[in-house]
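Taken in sequence, the protein lines are chains A, B and C.
Residue numbers for the first sequence follow my numbering, beginning at 872 and rising by one.
Residue numbers for the second sequence follow my numbering, beginning at 229 and rising by one.
Residue numbers for the third sequence follow my numbering, beginning at 16 and rising by one.
Quick caveat, the hints were computed from the structure, so don't treat them as lab data.
Backbone N, C-alpha and C fix where the C-beta goes; we use that ideal spot for every residue, glycine too.
There's no promise every hint is true.
Claimed, not checked - Keeping only pairs whose Cα atoms sit at most 20 Å apart, straight-line, the calculated SDA-like set for lysine to any residue is:
{"#": "1", "chain 1": "A", "residue 1": "Lys1561", "chain 2": "B", "residue 2": "Gln335"}
{"#": "2", "chain 1": "C", "residue 1": "Lys291", "chain 2": "A", "residue 2": "Ile1417"}
{"#": "3", "chain 1": "C", "residue 1": "Lys291", "chain 2": "A", "residue 2": "Leu1587"}
{"#": "4", "chain 1": "C", "residue 1": "Lys475", "chain 2": "C", "residue 2": "Gly428"}
{"#": "5", "chain 1": "C", "residue 1": "Lys291", "chain 2": "A", "residue 2": "Val1588"}
{"#": "6", "chain 1": "B", "residue 1": "Lys321", "chain 2": "C", "residue 2": "Ala398"}
{"#": "7", "chain 1": "A", "residue 1": "Lys1561", "chain 2": "C", "residue 2": "Ala398"}
{"#": "8", "chain 1": "B", "residue 1": "Lys321", "chain 2": "C", "residue 2": "Arg157"}
{"#": "9", "chain 1": "A", "residue 1": "Lys1561", "chain 2": "C", "residue 2": "Ala452"}
{"#": "10", "chain 1": "A", "residue 1": "Lys1561", "chain 2": "C", "residue 2": "Arg157"}
Unchecked claim - From the derived model, a few chain C residues whose C-beta atoms are all more than 12 Å from chain A:
{"#": "11", "residue": "Ile28"}
{"#": "12", "residue": "Glu163"}
{"#": "13", "residue": "Ala241"}
{"#": "14", "residue": "Asp249"}
{"#": "15", "residue": "Ala289"}
{"#": "16", "residue": "Leu449"}
{"#": "17", "residue": "Ala454"}
{"#": "18", "residue": "Lys475"}
Below, each chain spelled out in residue letters.
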Amino acid sequence: MDTIKTLLILIPALPLAATLLTAVLGKRVLRRQSHWPTVLAIGLSCAASLVLVFQVQQGIHKAESEGPSPQVGYEKVVTLWTWAGVDGAYAYSTSEPARGFRIDVTLRADPLTAVMLAMVTLVSLLVAVYSIGYMHDDPGYWRFFSYIPLFVFSMTMLVSVSNFVLLYVFWEAVGLCSYLLIGFWFQKPAAAAAGKKAFLVNRIGDFGFALGLFLLWTTYGTLDFHDVKLAAGGEGTAATVVHHETEIVEDADQPGLVRAGVLGQTMLRDRALYVTGGVATAICLLLMLGACGKSAQFPLHVWLPDAMEGPTPVSALIHAATMVTAGVYMVTRCLPLFLASEVALQVVAAIGGFTALLAALTALTQTDLKRILAYSTISQLGYMFLGLGAVTLLSAAGAVAGMFHLFTHAFFKALLFLGAGSVMHAMGGVIDVRRFGGLRRLMPTTHWTFLFGCLALAGIVPFAGFWSKDLILAAVGEQAYSHALDPQTQRLYYLLYIAGLLTAFLTAFYTFRAFFLTFYGEERIPREAGHHAHESPRSMTVPLAILAVCALVVGAYFELTHGFAHFLEQAPPLAMIAAEQATAEAGAGLGQSAHQALSHWWVAVISSLIAAAGIALAALLYLGHPQRVERLTRTLDAGGLYRLSRGKFFFDEIYDLFVVRPLQAVASLSFLFDRTVIDRLVDGCGLMPKRIGAALRPLQNGMIQFYALAMVLGLLVLLGTLLTM
Amino acid sequence: MDPEIALLHNYLIVGAVLFGIGMIGFFSRRNMIVMFLCAEMMLQGVSLSLVAFGRFHNDFGGQMLVIFIIAVAACEAAIALAVVLMLYRRAGKLDVIVWQALREDNQPAFEEEALPEEPPAEPWPSLSRAGLSPEILPEETDFRSRL
Amino acid sequence: MSAETVRLLTPEIVLIAVAVAIFVAGAFADAPKWFRWIAGAGVALSAVALWMQHGAAVCSGPLTIDSLAYYGRWLALVLGALFVLLTARPLAGGGTPEYVGSLLLAIAGLMLVSGAGELVLMFVGLELISIPTYVLLYLGRRDAASQESAVKYFLLSILASAILLYGLGFLYGTTGSTELGEIHAALAGSRPALPDAGAVPVGFDMFARLALVLIFAGLGFKIAAAPFHFYAPDVYQGTTQANAALLSVVPKAAGMVALVRILVLAMPGLEAFAWKLALVMAVLTMTLGNFMALWQNNLRRLLAYSSIAHAGYMLIGLTVGLAPAIVRGSQDGVGALLFYLCVYALATVGAFAVLEYLGREDAPIDAVDELAGLGRARPLVAAAMSVFLFSLAGIPLLAGFWGKFALFLSALGVDPGGVSVRPWFVGLAIVGALNAAVAAAYYLRIVGVMFFRTPLAVPKAEGGMGPWLTFTVCAVLTLAIGAFPRPLLQAANDASRQSSVQRAAPDLPPVELAGRTGP
């Protein structure tokens, strides 16, 4: 068993073991010590993930040193066992024998997975440590620490499986964890309702996702990402993986014996194998619908703000850093599919840009600190999709930027949420920014770390958010000024570029609005906090500090060393674009690619200026006289703009009016029909045998002679009919 | 007509009549012993047919079956009489109507229709008493009373 | 009759000899406990004899010992062992040796019917079941209800016997032989049925059909098929649990095997209507049984109706078996019937054994309500009872499910084959499935009473080891067959496919009847 396989198994297996251990022993044995299995397991997983990153890195170096390889990017696929299989399930064409449907439990190691694993386990570890302090009095302590590793297990599996079916399974599994954790305080009606809402809205997205998978299956006849080696019998026999460890490099010479996976090497090498046109668009849009649900994009974004009813560490981990980025991960993973349909990419970009702006506008006027952060999460996720939508066949910069933003965002958004949690912890559960203020002296560590997070989110040099947001804007801007596109598309990207810049301004403004309201001004402490409002314990501040350092350095470090981009570009979906790009450049004889020509210095300057302007405006309004804010509010309210933003653009009300109520009406009609018509019919049918039985009972009157007579009469009837037949 | 066939017909008809009489008797009689005898009569009808068929086919099988039927009927008769005797001891009647307690629990019991009341019989004409009654000695009555 | 015949009859002879020995010894010895052991030893000895003679199918004298015969005889011996266990308690008012001996005789009768290749032997076998059964019914208990059930069964049974005999008489009259092989040959037309060509009795062409209906009616009484089922509820209700178990299994098995032997194997040429008769009886029987069972409160009466309904299910298999040969599907109808017979027997005997175990000598379990709360008071017994009821209801993964599955599959497998009979069989399967759904209502009601009602009074459970062992064995077998139905189903299908009434060697020419003269 080689290292990579061991690591791939260990990373999800340890949290799963922790879940089982805590679930079994937590209530009676571990009690207040329930966090130990979780923290240990996630810590080991995190270490394993980091080792995996280096292993992958080494693999890439090794492949590079061996000269040009036929493999697109770097990937290693490990098949553990076959979960299910149906022979002859799919007939590709009449000439070809039917293919089997197989679900192999297969894990993969490639740069994309490695980055996600490292990010997920690291953030999870910090959040788990933070939760020790945050949850310490909760009666459901052990329950919390059995859900968290379950989530980590599901999330690590989600990013490391190599099959759409399993992706869907764990997609649902993280959704389940999210549901369980949003409703963690299920006694609270708002929390229970929020959990239900999240679940239902996600169902819509998952329905689209499932349809997308069906369409993929009927189109390509497989749901594996990777190529599968077949037994010598070929397609007709039940496909068996020859070796349980498949390194695709080895069988590249035998194309006849390989079944091309949807995202496998065969398809990546020859892009003409991808279906184009309407089918491709349909597949991509359905997958995007799934991503919209999970990553809270318009029009399915309404669940995320409500999900803040869950414990704050959960909000930080699941609803800011990791789970909500699953949609971004999935779209990145499926980029080869999206590249087959230009429309789909434009839709991705448009949804991303629109959601980013919409959420930023909503965040301006919210008063709940966690809600502000939730809308900012939606907005930043929109940025990521915007970046992904700016990918072209010739440039993977958008995708790299999107993933980079995902990576940096995980740190500073987790930091902000944990900071908000720290404030909430000290304020006795109060989270309304209007009810407290001037906390900077009371909670210095929280104040400073929160500031780092705000600066990173606003995109100020040299914080992490600056670098990644800048890259996205640059990629979109490049599309907007690209001459390869038709004018209409160019106009779309131009608009999206403007939206991105505007969002950057708004982000800086609302972030610092929240920051100033919380930590500056006159010191106010709500009644609920009591007299001992204090800085949070060490277990909470240490993760905050670590995250703050990350928020400061990860962006600059990886951008200046180009480490992240180089590493990620070896992921098969992105490597395919790089390969295309190399071919195109060789053909056109261009010395420098377009995206390198733009060194973005002016984009950086503009966005920095805009962010600074946002912060300045926030300082002007919220550090000065409150009357100024009131006057501005009144002016804006005259136009209805303020109310629109305050009311979250009334999405909940609109959905309630146009979706929920009509459905409820139909449901109550069906209920009425069921009760009055169907139930009566069923009851009637059920009673019929009894009625008939009652009618027959007089036959059984106990008299021997009657019985004899009945027997003989029956006999005579049978005789009569048979003899005349 | 072939005399063999005519013979067969005759016996079959007699057999069927015996079978039918037995069956009707079985329905209509309420004395358990008579019911059993009716069933025996049905068996005799079958036996007669079998013997006739055996002769017609020139085969022993029918007669063999008849002998077994007779043997089995004898066994049944033994058991029947034993059972009927025990039932008679319990109920004091041979009427089969007595045995109808086991039935569907919502069904009424069969009640025998009461026979119409017979009109009181006309008194027979009687002669008026003539002569004297003999005198009975007291010791004579004492003696009788002791008997 | 030859040495070979005697050798083949050894198991039956052993049983009958042991029975006679018990009868004789009973007159002198007063050791009621020992008679059980002797009977058990007799059954075991008989099983050894049966085991030793296993071999290829043979016909000898009146016997046809083929795989159907072996299936029936083994079933009889297993049932015999179960009944000896079930009745392990000496009778209250004496008569134990007579009871045990009669039990062995009834089992021997079932074995004879299974192996009979000749009408006389078959009739004797059937009577060897009936006559001891009268004694058993009388001896079971000495109250009025028990005696009433004895006289009811007795009188109606001899009426049915007469009808059956009349049918056998007509069968003999049509073919001129009591040998099933000869009968088959005559009806198939390969042997002249009439002694003289040209001399045809009036109505001769009707005789075969007449025989069919009369035999069906006579055996219909044994299997409790409507409209010949009337005795069953009253008799079961009046008698003991063990007797009810015996009545619901042994005559039914004998009747089914005899129906298969005579109607399916020995009476060709009646394809046009034989299956219609069986179909009508099947539908009538299962529907009536299930519908009436819905109303019952007395457990034995309920199980009596249930046994009627199950006879209806089994008739589905017979219907398929009687269907014209060209339209048979993959699952053999008769095979399904034989499989179902075994599965049904185990569940029914088990259910009665549970009742026997729970009851007291003087106060047997009668009403459904007496089982209330059994799930809490005696969870293991309640679980075993649930296994039997679920199996009877045909809940998946229990033996009964596979039985119904095989039956419905055989009905659905009937292929059109140019004849438009398929809708009838599909309809039959649908009626069967609907009936199974109705039946679930009353089985589940008992389960519900056992598990979801508070107990009125905890049953004393004074049945002792014998009934306990019986229902445990039945439950284990029911579960085992549910988990691995294949071996038994295979055996049943083999019993159906490899059985016939054809003789391997030609018989002696018919003997000239000496006294025959023409007028």
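Now the hints, each set against the structure:
{"no.": "1", "hint": "A:Lys1561 x B:Gln335", "verdict": "holds, 16 Å"}
{"no.": "2", "hint": "C:Lys291 x A:Ile1417", "verdict": "violated, 86 Å"}
{"no.": "3", "hint": "C:Lys291 x A:Leu1587", "verdict": "holds, 16 Å"}
{"no.": "4", "hint": "C:Lys475 x C:Gly428", "verdict": "violated, 49 Å"}
{"no.": "5", "hint": "C:Lys291 x A:Val1588", "verdict": "holds, 14 Å"}
{"no.": "6", "hint": "B:Lys321 x C:Ala398", "verdict": "violated, 46 Å"}
{"no.": "7", "hint": "A:Lys1561 x C:Ala398", "verdict": "violated, 28 Å"}
{"no.": "8", "hint": "B:Lys321 x C:Arg157", "verdict": "holds, 18 Å"}
{"no.": "9", "hint": "A:Lys1561 x C:Ala452", "verdict": "holds, 13 Å"}
{"no.": "10", "hint": "A:Lys1561 x C:Arg157", "verdict": "violated, 35 Å"}
{"no.": "11", "hint": "Ile28", "verdict": "holds, 35 Å"}
{"no.": "12", "hint": "Glu163", "verdict": "violated, 9 Å"}
{"no.": "13", "hint": "Ala241", "verdict": "violated, 8 Å"}
{"no.": "14", "hint": "Asp249", "verdict": "violated, 6 Å"}
{"no.": "15", "hint": "Ala289", "verdict": "violated, 9 Å"}
{"no.": "16", "hint": "Leu449", "verdict": "violated, 9 Å"}
{"no.": "17", "hint": "Ala454", "verdict": "violated, 10 Å"}
{"no.": "18", "hint": "Lys475", "verdict": "holds, 30 Å"}
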